[in-house]
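Those letters in the sequence shown? Residues 1 to 283, per this note's numbering, in order.
Keep in mind that the hints were calculated from the coordinates and are not lab data. Check before you lean on any hint, since a few could be wrong.
Said to hold, decoys possible - Restraint-style ranges between C-beta atoms, simulated for each label pair:
1. Asp171 with Asp211: 22 to 30 Å
2. Asp149 with Tyr77: 46 to 54 Å
3. Asp171 with Pro132: 19 to 27 Å
4. Glu268 with Gly55: 23 to 31 Å
5. Thr275 with Ala207: 26 to 34 Å
6. Asp238 with Trp278: 16 to 24 Å
Just so it is clear, the structure is predicted and the values come from calculations on it, not from any experiment. For each residue, glycine too, the CB sits at the ideal point set by N, CA and C.
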Amino acid sequence: MSSLSANSFRAVAAASALALLGAGTALAGPLNDRIAADEPIRIGFANEAPFAYPGEDGEPLGFVNAYTIGLLNEMGYDNIEVVVTDWGGLIPALNAGRLDIVTGGLNIMSSRCESIAFSEPMLMAGDAFIVPTGNPDGLNNYQDLIEQDATFVTGVGYNQVEVARREGVPDNQIMQVPGPSEIVAAIRAERAQAGGVTHLTAIELAANHDDIEVSDVSQLPEWTLNWASIGFRKDDQDFVEMFNAAQEDWLGSDAMMELVGPYGYSPENIPEGQTAEWVCANR
Numbered sequence: 001m002s003s004l005s006a007n008s009f010r011a012v013a014a015a016s017a018l019a020l021l022g023a024g025t026a027l028a029g030p031l032n033d034r035i036a037a038d039e040p041i042r043i044g045f046a047n048e049a050p051f052a053y054p055g056e057d058g059e060p061l062g063f064v065n066a067y068t069i070g071l072l073n074e075m076g077y078d079n080i081e082v083v084v085t086d087w088g089g090l091i092p093a094l095n096a097g098r099l100d101i102v103t104g105g106l107n108i109m110s111s112r113c114e115s116i117a118f119s120e121p122m123l124m125a126g127d128a129f130i131v132p133t134g135n136p137d138g139l140n141n142y143q144d145l146i147e148q149d150a151t152f153v154t155g156v157g158y159n160q161v162e163v164a165r166r167e168g169v170p171d172n173q174i175m176q177v178p179g180p181s182e183i184v185a186a187i188r189a190e191r192a193q194a195g196g197v198t199h200l201t202a203i204e205l206a207a208n209h210d211d212i213e214v215s216d217v218s219q220l221p222e223w224t225l226n227w228a229s230i231g232f233r234k235d236d237q238d239f240v241e242m243f244n245a246a247q248e249d250w251l252g253s254d255a256m257m258e259l260v261g262p263y264g265y266s267p268e269n270i271p272e273g274q275t276a277e278w279v280c281a282n283r
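Make the full structure from the sequences, and use the hints.
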């Protein structure tokens, strides 16, 4: 993956909390102004395989990073800096001017559309539950959680929190933790009976943990199908429009699929013409 080589970005030491990004960092102006001043484009993500996660040397891995950096390279930008933080800190860091782009694999949601700008969708995928092997409690949808008084664990800031509440799961049955590792740990420790993640993440977790499996995703509500894209500050709409224009030729291209394919992104994940505006209004 030449576009992800060490010559294409400057890695910043991974931070486990937003505060570690540096309280003294000066707030950035619009992204195009930073580029004109020869400042790096700062992409931010959490440790969320297979979407976006850091390699051992800080290299930005995952299909959303591969997609975004590949597209930025196509646009002529290779001065890229990597910042890793907790999932819940990504949007606050973006709006505080400490990041320029969030590549973590954000699902487009009306609540998020109120605070950030999204590029046009680059991923269409559903959610899933991860459960102990054999799914002993038969938990495949949110109504199962309610009926069995089961604890549902998901990540802080994950869309599954809103979905569970909308489906009627009471807050005292919803456990929020930092990310996938903690979700798996909660299920293994029997502090939760099911975990909520994207289907792609569920497949990744089940492949790496013999005692975890993916629920029957066909039993989840159809309205929980998600579209994800890249997050920007609202005052960078001019750059978003440039990004969208470049994305028209990039999305689904052979070069793009070669970069994202190794992470499990397949042709069925390519959006079917939905726009960010439509998803904001319907999710």
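Consistency of the hints with the structure:
Checked against the hint of 22 to 30 Å, the C-beta distance between aspartate 171 and aspartate 211 comes to roughly 28 Å, which is consistent with it. For the hinted restraint 46 to 54 Å between aspartate 149 and tyrosine 77, the CB-CB distance of approximately 51 Å keeps it satisfied. Checked against the hint of 19 to 27 Å, the pair aspartate 171 and proline 132 passes, with Cβ atoms roughly 23 Å apart. A hinted range of 23 to 31 Å holds for the C-beta pair glutamate 268 and glycine 55, which are about 27 Å apart.
A beta carbon spacing of about 33 Å between threonine 275 and alanine 207 agrees with the range 26 to 34 Å that was offered as a hint. Hint check: aspartate 238 to tryptophan 278, Cβ distance near 22 Å, so the stated range 16 to 24 Å holds.
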